[in-house]
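Heads up: the sequence lines are chains H and S, in that order.
Position one of the first sequence corresponds to residue 1 (my numbering), numbered consecutively onward.
Position one of the second sequence corresponds to residue 1 (my numbering), numbered consecutively onward.
Hint data in this document are derived by calculation from the structure and do not stem from the laboratory.
Using N, Cα and C, we set each Cβ at its ideal position, and we do this for glycine too.
You may find that some hints are simply not true.
[Unchecked claim] Reference listing, derived: stretches of chain S covered by chain H, where coverage requires no fewer than 3 residues with Cβ under 8 Å from a Cβ of chain H:
1. 27–41
2. 55–64
[Unchecked claim] Across the chosen pairs, the derived CB separations fall in these ranges:
3. S:ILE44 <-> H:GLY194: 22 to 32 Å
4. S:ILE16 <-> H:GLY441: 25 to 35 Å
5. S:GLU58 <-> H:PRO237: 34 to 44 Å
6. H:GLY231 <-> S:VAL40: 33 to 43 Å
7. H:LEU357 <-> S:VAL60: 36 to 46 Å
8. S:GLY9 <-> H:LEU17: 42 to 52 Å
9. H:ARG304 <-> S:GLU58: 46 to 56 Å
10. S:VAL5 <-> H:GLY194: 10 to 20 Å
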Amino acid sequence: MALEAVLVVLGYLVLNLVVGLWAAARQRSGVEEYFLAGRRLSPLVLFFTMVATNFSAFFFLGFAGAGYRIGLSYYAMMALGTALVGSTFLFVGYPAWRLGRELGAVTPAELVGIRMQSTALRVLCAAVWLLFTVPYIAIQPIGAGYLLSQLTDNAVPYYAGAVLLSALVVGYVFLGGMRSVAWTDVLQGLLMIGVSFAALWFVAARWGGIEQANALLLSRDPSFFSAQGAGGFFTLPVWISYSLLWLLSVPMFPQMFVRFLAARNLEGLRLTAVLYPVVTAFLFLAPVLIGLWGHLELPPLGERESDQVLPMLLGKIAPEWFAALVGVGALAAFMSTMDSQLLVLSSLLTRDIYAVLRPRASLREQTWVGRILVVVLAIAGLAIAWAPPATLFAIATHAFSGFAALFPVVVCSLYARRPYPRSCIAAVIAGEGLLAGFYTGLVRPEWFGGFLPVVPVVGIAAAVMFVGMVIERRRVEQTA
Amino acid sequence: MGPAVALVGVWWIGSIALWLWGMQTPLLLGLPPWIWGAIVWQLILSALLSWIGRRMVEAVRESHGA
Chain H
1 MALEAVLVVL GYLVLNLVVG LWAAARQRSG VEEYFLAGRR LSPLVLFFTM
51 VATNFSAFFF LGFAGAGYRI GLSYYAMMAL GTALVGSTFL FVGYPAWRLG
101 RELGAVTPAE LVGIRMQSTA LRVLCAAVWL LFTVPYIAIQ PIGAGYLLSQ
151 LTDNAVPYYA GAVLLSALVV GYVFLGGMRS VAWTDVLQGL LMIGVSFAAL
201 WFVAARWGGI EQANALLLSR DPSFFSAQGA GGFFTLPVWI SYSLLWLLSV
251 PMFPQMFVRF LAARNLEGLR LTAVLYPVVT AFLFLAPVLI GLWGHLELPP
301 LGERESDQVL PMLLGKIAPE WFAALVGVGA LAAFMSTMDS QLLVLSSLLT
351 RDIYAVLRPR ASLREQTWVG RILVVVLAIA GLAIAWAPPA TLFAIATHAF
401 SGFAALFPVV VCSLYARRPY PRSCIAAVIA GEGLLAGFYT GLVRPEWFGG
451 FLPVVPVVGI AAAVMFVGMV IERRRVEQTA
Chain S
1 MGPAVALVGV WWIGSIALWL WGMQTPLLLG LPPWIWGAIV WQLILSALLS
51 WIGRRMVEAV RESHGA
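Just need the whole structure built from these sequences, with the hints factored in.
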């Protein structure tokens with residue numbers, strides 16, 4: 001492995017630590033300060049932390065792999081679906097931000113519980129958020145460890161890499177909480193964006209530019225440019241399902257939702273909402289196009305191999321330091337999601353489980369419990385990563401639908417004029433119950449006309465919610 | 001809030017219509033026409049959200065002033 005490549009990786013890790021420690025030094029004391037950066041994230045920091053947290057390493061490796069297999073329609077599906085997420089920063093983010101301040105809520109479950117006046121609902125929502133986020137504390141170190149091992153030509157073995165990166169992340173999350181996470185996200189976000197466009201420019205130059213590369217591929221296989229994609233991947237129900245999946249699930253990721261609570265002002269949410277579709281419009285093109293051009297340079301790849309099309313292509317045509325730089329961009333994407341998930345899991349366990357069981361716990365005590373949990377969760381993640389059970393990945397594959405099932409309940413808690421705790425509990429149980437049916441095979445996907453599980457899962461949760469609200473309102477009116 | 005949500009809903013339906021259109025050729029500056037449509041459609045959403053967000057900021061300022 002070239003010395004320059006080692007220096008690029010090392011340089012990034014050191015810079016990341018320096019930024020994290022610098023932000024930690026600016027931290028004040030208090031539970032809101034630790035978990036929400038004192039609700040003072042400036043508009044630009046908020047934008048970058050949203051982007052870096054939302055776009056995991058899948059953005060680099062998975063997008064390129066899907067671009068290789070499916071073609072440009074994958075770009076359109078991901079970009080149009082994710083762009084629409086921007087609207088939720090206003091319609092979900094703004095009321096969450098306002099109510100979070102008014103009620104002093106630190107976690108999404110706390111906000112829902114206080115608004116619906118139900119501790120049972122609060123704990124139930126926290127349990128759902130924990131269930132679907134916990135697998136990632138093992139999955140993220142696994143992915144990051146493999147990537148670091150690949151970047152260093154196995155000079156750093158997979159598990160040692162996972163331990164090293166986890167230790168680095170725990171270091172700045174333990175000391176600086178959300179403030180360190182957000183500022184390292186700025187670095188990681190800038191790196192991801194810069195490296196993506198640099199890679200696009202570099203790879204396109206191989207064939208004389210984007211126009212020439214795409215014209216060449218079009219002459220070989222036009223299906224890569226069709227709306228259905230190669231092999232007719234996208235049918236109308238699948239397309240509609242995906243366009244709803246991101247809209248309903250991304251704002252429900254707990255690590256995204258807490259950023260609504262951490263914003264300094266509404267202007268920050270507006271700026272993020274406005275820039276999000278611009279970022280998706282241009283940034284998402286880069287990895288998909290690069291993946292697509294893998295057909296021009298590489299021998300045919302199988303499905304699993306195709307997720308490595310970006311590093312394979314760069315390894316073949318780029319100097320080693322440049323391939324390492326792009327690899328570092330993917331590493332940044334891993335770390336920026338990993339640190340946010342670690343912190344939000346710690347906040348859910350501290351505020352919605354520990355503080356509920358021990359209501360007299362002081363804010364100082366809660367902050368320390370949160371810090372200790374960050375370390376404990378990271379160690380637990382590494383322990384699971386040693387021999388990950390198959391159920392871990394199975395739960396993770398259903399995480400998006402699992403989060404989306406909470407959408408009707410969260411929207412109700414933000415907009416309803418009076419509490420509907422029973423309707424909310426019934427809606428969560430119905431939505432997650434149906435998802436469990438898909439998971440166990442009791443419910444078959446073909447029963448829903450080709451739509452992905454997210455559509456019936458959110459549909460049933462919303463229907464139960466609506467009927468329950470009507471019944472609850474009538475009961476209140478009758479007793480009044 | 002209702003009209004703003006309706007506008008975003010119309011945008012979502014438009015994005016599905018764009019996929020149904022799906023015009024592949026001729027390539028314009030290296031990309032199929034329907035992909036250019038997707039890019040422009042996202043920029044329209046950005047402008048729309050800018051307008052809605054500005055209205056929300058103004059409404060908050062007015063309510064604070066009142």
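Here's how the hints hold up against the structure:
Only residues whose C-beta sits within less than 8 Å of a C-beta in chain H count toward coverage, and the stretch 27–41 of chain S has 10 of them, enough to reach three; the restraint holds. Check result for the stretch 55–64 of chain S against chain H: holds, 3 residues qualifying (beta carbon to beta carbon below 8 Å, three or more required). Our hint of 22 to 32 Å for ILE44 of chain S and GLY194 of chain H holds, since their Cβ atoms are close to 26 Å apart. In this structure, ILE16 of chain S and GLY441 of chain H meet the distance hint of 25 to 35 Å, their C-beta atoms being roughly 30 Å apart.
Checked against the hint of 34 to 44 Å, the C-beta distance between GLU58 of chain S and PRO237 of chain H comes to roughly 40 Å, which is consistent with it. Checked against the given bound of 33 to 43 Å, the beta carbons of GLY231 of chain H and VAL40 of chain S, roughly 27 Å apart, lie outside it. A beta carbon spacing of about 37 Å between LEU357 of chain H and VAL60 of chain S agrees with the range 36 to 46 Å that was offered as a hint. Between GLY9 of chain S and LEU17 of chain H the beta carbons are some 45 Å apart, a value that agrees with the proposed interval 42 to 52 Å.
With their beta carbons about 52 Å apart, ARG304 of chain H and GLU58 of chain S fall inside the hinted range of 46 to 56 Å. As the Cβ distance of VAL5 of chain S to GLY194 of chain H is approximately 35 Å, the hint placing it in 10 to 20 Å is violated.
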